[in-house]
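Keeping their order, the protein sequence lines are chains A and B. Those letters in the first sequence? Residues 1 to 536, per the numbering used here, in order. Those letters in the second sequence? Residues 1 to 536, per the numbering used here, in order.
In short, the hints are calculated from the structure, not lab data. Don't take every hint at face value.
Which copy is meant is left open, because identical chains are indistinguishable; a pair holds if it fits in one copy or across any two.
As the list claims (entries may be wrong) - Within a straight-line C-alpha distance of at most 20 Å, the following computed EDC-like cross-link-like pairs (lysine to aspartate or glutamate) qualify: (1) 58 / 254; (2) 484 / 216; (3) 70 / 336; (4) 114 / 255; (5) 484 / 461; (6) 221 / 492; (7) 221 / 502; (8) 365 / 328; (9) 532 / 329; (10) 484 / 450; (11) 523 / 468.
Number of protein chains: 2
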Amino acid sequence: MRTLVVLLLLSFSVEARAAGSKPKAEKTKASAEHSSSAAFSGKLLVVPMDGSHWVGIKAIAQELGRRGHKVTVVIPEVSMRMGPGKHYDTLTHTVPYGQDHIDAIMSMHKDVLKTNQPFMERMQVKYNQILKIVDFIHVTAESLLLNETYISYLAQQEFDAVLTDPMVPTGALIARKLGLPIINLLRGIPCSLDMKSAGCPSPPSFVPRFFTGLSDKMNFKERVINTLVALIEPLFCRLLYWRFNNIAHQFLNEEVSVAEVLSDSDIWLLRIDFTLEFPRPLMPNMILVGGINCDLRKPLPKNLEQWVSGKHGFIVFTLGSAIADMPEEITSVFLEAFRQIPQTVIWRYTGMVPDNIPKNIKLMKWVPQNDLLAHPGARAFITHAGSHGTFEGLCHGVPMLMVPIAGDQPDNAARMENRGVGVVLDITTMTTESLLQGLNEVINDTRYKENIQRLSALHKDRPVDPLELSVFWTEFVMRHKGAKHLKAAVHDLSWIQYYCLDVIALLAAIVLLFVILTVKCMKLCLQKLGRKRKQD
Amino acid sequence: MRTLVVLLLLSFSVEARAAGSKPKAEKTKASAEHSSSAAFSGKLLVVPMDGSHWVGIKAIAQELGRRGHKVTVVIPEVSMRMGPGKHYDTLTHTVPYGQDHIDAIMSMHKDVLKTNQPFMERMQVKYNQILKIVDFIHVTAESLLLNETYISYLAQQEFDAVLTDPMVPTGALIARKLGLPIINLLRGIPCSLDMKSAGCPSPPSFVPRFFTGLSDKMNFKERVINTLVALIEPLFCRLLYWRFNNIAHQFLNEEVSVAEVLSDSDIWLLRIDFTLEFPRPLMPNMILVGGINCDLRKPLPKNLEQWVSGKHGFIVFTLGSAIADMPEEITSVFLEAFRQIPQTVIWRYTGMVPDNIPKNIKLMKWVPQNDLLAHPGARAFITHAGSHGTFEGLCHGVPMLMVPIAGDQPDNAARMENRGVGVVLDITTMTTESLLQGLNEVINDTRYKENIQRLSALHKDRPVDPLELSVFWTEFVMRHKGAKHLKAAVHDLSWIQYYCLDVIALLAAIVLLFVILTVKCMKLCLQKLGRKRKQD
């Protein structure tokens with residue numbers, strides 16, 4: 001389907017790849033539908049990130065287009081999920097790989113899930129997978145940024161702002177090149193580069209770091225671990241972004257790091273919410289839009305109606321867009337467990353269909369996850385605890401059985417378990433019995449349902465819908481050409497100045513000098529007193 | 001008028017003051033008007049602070065009452081500004097002073113403004129004034145808190161939450177006694193007790209402290225000053241609140257400080273906005289509602305129409321509710337300057353009316369300040385730069401001539417001047433010439449008007465109106481019996497733990513040990529090597 005759409009693109013003219021290709025633009029209905037009633041109509045450039053990161057960006061792009069802005073989304077000619085939409089234009093750029101390369105990367109998750117691998121072998125597989133993904137990201141970025149014809153085409157469009165996902169700083173680099181304000185949408189950068197760039201304090205005493213699985217209430221040992229992780233974060237950032245730092249030098253022709261480029265950001269739309277996240281300091285230009293995808297709901301397709309209307313309700317089972325297939329031994333654990341429960345199971349599954357599938361299971365290549373979770377018959381949600389899925393489960397108040405696999409998923413899962421709204425299992429060591437027990441808990445122990453409904457009520461009780469809020473702040477930046485008045489004056493400070501270490505050193509020196517002088521004076525006095533006594 | 005209203009109160013029964021009096025309740029139309037259509041109807045206790053602090057609290061109380069909540073406002077039987085309203089009930093409590101005592105305190109400002117006083121004498125006058133105000137605040141608080149009959153009446157009312165101004169922690173103490181969640185409305189506590197209680201980081205490298213007049217961009221010397229002020233802030237807090245700490249012990253029967261009581265607060269509604277304030281870190285339970293009074297606009301009274309319709313426009317001149325009178329020598333400076341300008345001047349003035357008042361001046365005992373500023377003919381606003389007035393000037397885009405007198409006024413004025421929207425003068429040293437020059441600048445130099453209109457546009461471009469937002473979060477706390485999920489886990493941490501000083505000490509010790517061991521090892525190796533060479 002996607003390939004067909006790409007073939008239908010209204011191309012300008014395609015030059016040789018090596019010399020740089022001009023952008024291919026797809027004119028959708030968006031332009032025609034631009035409402036003349038809109039008070040302000042801006043031009044927005046959107047540089048999204050692929051995979052699940054696309055969901056939130058697409059929602060904002062669609063809504064802005066619908067409100068009469070001219071929205072242009074830059075996407076590679078082949079991708080995992082990105083594609084055209086009703087209310088925005090897409091502008092594709094060439095990449096030196098094909099769909100098969102993407103499929104190969106997607107299927108690598110299956111190898112990671114193999115249960116009978118020795119530890120070292122599994123680490124090797126994981127490492128190779130990360131290397132391949134990182135390489136894929138860099139190659140995609142380079143083929144866009146170093147395509148001079150394409151970039152100068154963008155420069156001519158006179159955009160008002162760039163909406164992007166800063167995890168991959170391609171959009172931020174383009175914004176700097178074109179002198180445009182930046183709106184970031186993100187869940188969080190693992191090495192806290194987002195917080196550092198926004199100048200946001202993150203005291204390690206109550207702000208747990210990524211991947212630590214810690215909460216905001218830490219004992220001494222946990223605080224030591226968290227502080228150590230906080231101390232090595234800058235190093236981790238360098239590792240993550242060294243190649244992008246090189247690309248930045250090459251692309252911008254200036255000695256600037258990704259951190260500095262991101263520190264120019266005007267607005268940070270954070271896909272977090274404190275019903276899930278631990279409360280932490282924020283900066284004035286950080287806007288919380290966790291749960292942005294909750295209200296994007298459509299009616300269920302007809303073929304699913306019989307599956308959701310059973311008296312025992314149903315279970316939704318998806319492991320996100322990245323994992324649609326899994327090793328046979330894990331599949332059979334799930335199948336065996338599902339055979340023994342009265343609920344129907346709607347399972348997103350793209351692998352080989354095994355024999356003897358129980359009657360209560362419906363396998364589908366794609367499921368309308370949010371619409372299913374919104375159905376009152378949904379009893380449980382088996383999920384990898386990706387941030388989008390977690391928010392959808394929370395939004396509709398469905399207890400979760402979580403099998404986190406990578407990235408922020410273990411952290412998300414730990415937080416949900418901590419709030420008593422779900423159970424966490426290790427997918428590689430899970431047995432039919434432990435799965436059954438977990439399902440039994442989240443379905444039949446009413447506390448899970450009560451807890452998630454209470455949390456859901458808190459989450460949804462907000463003055464402005466997160467999508468509306470995202471659109472508002474994007475429009476704000478377009479209207480005012482930035483949001484400078486919300487940026488803290490931390491970017492000219494070195495870290496020594498930021499923490500006032502120079503001031504502390506001066507004050508300590510003064511105190512020390514005072515103490516030394518006092519001691520010397522006292523000694524002198526005592527000596528004189530001693531001499532006087534001797535003379536007496 | 002106010003006395004009449006008090007006399008009309010529906011009193012329960014009044015016992016001897018010494019023994020504690022029962023509350024007098026005024027039943028207004030509020031109860032009758034409670035809308036049955038409201039989805040949720042709560043019971044809110046409001047414990048306001050007098051003076052200009054009353055404005056914002058009153059607006060929220062009115063709006064909540066209008067939406068169908070039962071709002072009860074606790075006020076002393078005599079006060080500066082507080083009184084009944086259409087949509088809330090008032091519950092008065094006795095105080096051991098009369099209106100004459102309040103009038104005496106109000107008129108003390110005049111003494112502070114005397115221009116020909118020696119420095120030491122002026123300081124003495126200021127000190128006496130502060131002592132009297134502080135005593136007034138404590139006596140008022142004690143007469144409410146130690147009135148057992150009154151407090152037990154409040155306890156029986158089953159309120160859902162307390163809305164209060166934490167600068168005077170009476171409301172917070174009552175909330176703790178009755179086990180109720182707290183919503184605070186404030187501009188900021190000078191010793192940063194608000195930030196400390198909310199666990200909000202305030203790095204002295206870019207967060208200027210109260211009274212320093214510093215901006216967010218500081219050189220080394222300024223950072224030293226700011227850090228020193230930050231270091232003595234806890235001491236200043238102790239000085240400010242030691243008597244309230246004693247009242248807290250006595251009232252609550254527990255060893256708890258005001259800081260601890262305030263750290264239980266659920267929501268902090270901060271009357272700040274980053275068009276005026278320097279961007280700084282915030283906590284998730286801090287909601288910005290600066291400019292809450294901007295939209296509370298009424299049409300101008302008829303008798304003012306001829307004064308605002310002149311072709312040269314008009315000047316609004318008020319020095320806030322506390323200062324309505326001033327020494328003759330200052331009055332004559334203003335009169336002489338106004339005589340020489342073409343604009344009309346609408347001046348809030350309650351003192352002796354001098355002879356020979358120029359024809360372009362209208363003196364009034366009270367002026368509809370916000371409504372006048374909203375009029376397109378307003379050319380300049382002469383103000384003491386109190387926070388409410390500053391926001392009103394900003395809201396309506398009127399350039400300001402500022403004569404700050406006390407409290408946060410010098411800081412507010414410095415920030416406005418820093419943004420090029422006004423001129424600051426010292427009221428005690430000002431001459432007719434300097435005043436004329438200042439007025440000429442703000443009225444005729446178009447940059448001032450342009451700057452404040454740009455700033456005004458930024459200030460008013462927000463997703464939710466600040467009054468609406470205040471009401472939302474107050475209702476949120478009433479609905480959910482608090483907002484625990486927004487409170488950072490900092491309150492069980494000592495300051496050593498908060499700053500991870502224990503962790504740093506441990507890590508430093510390990511590093512030191514490692515260095516010592518390495519050095520020792522190397523020494524040993526060198527010694528052995530030396531011996532071996534000797535043997536060779």
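Comparing the hints with the structure gives:
{"no.": "1", "hint": "58 / 254", "verdict": "neither (32 Å within a copy, 55 Å between copies)"}
{"no.": "2", "hint": "484 / 216", "verdict": "between (31 Å within a copy, 13 Å between copies)"}
{"no.": "3", "hint": "70 / 336", "verdict": "neither (52 Å within a copy, 57 Å between copies)"}
{"no.": "4", "hint": "114 / 255", "verdict": "neither (44 Å within a copy, 58 Å between copies)"}
{"no.": "5", "hint": "484 / 461", "verdict": "between (30 Å within a copy, 14 Å between copies)"}
{"no.": "6", "hint": "221 / 492", "verdict": "between (35 Å within a copy, 16 Å between copies)"}
{"no.": "7", "hint": "221 / 502", "verdict": "between (30 Å within a copy, 11 Å between copies)"}
{"no.": "8", "hint": "365 / 328", "verdict": "within (17 Å within a copy, 86 Å between copies)"}
{"no.": "9", "hint": "532 / 329", "verdict": "neither (94 Å within a copy, 65 Å between copies)"}
{"no.": "10", "hint": "484 / 450", "verdict": "between (43 Å within a copy, 17 Å between copies)"}
{"no.": "11", "hint": "523 / 468", "verdict": "neither (72 Å within a copy, 68 Å between copies)"}
Of the numbered hints stated above, those contradicted by the structure are hints 1, 3, 4, 9 and 11, listed in ascending order.
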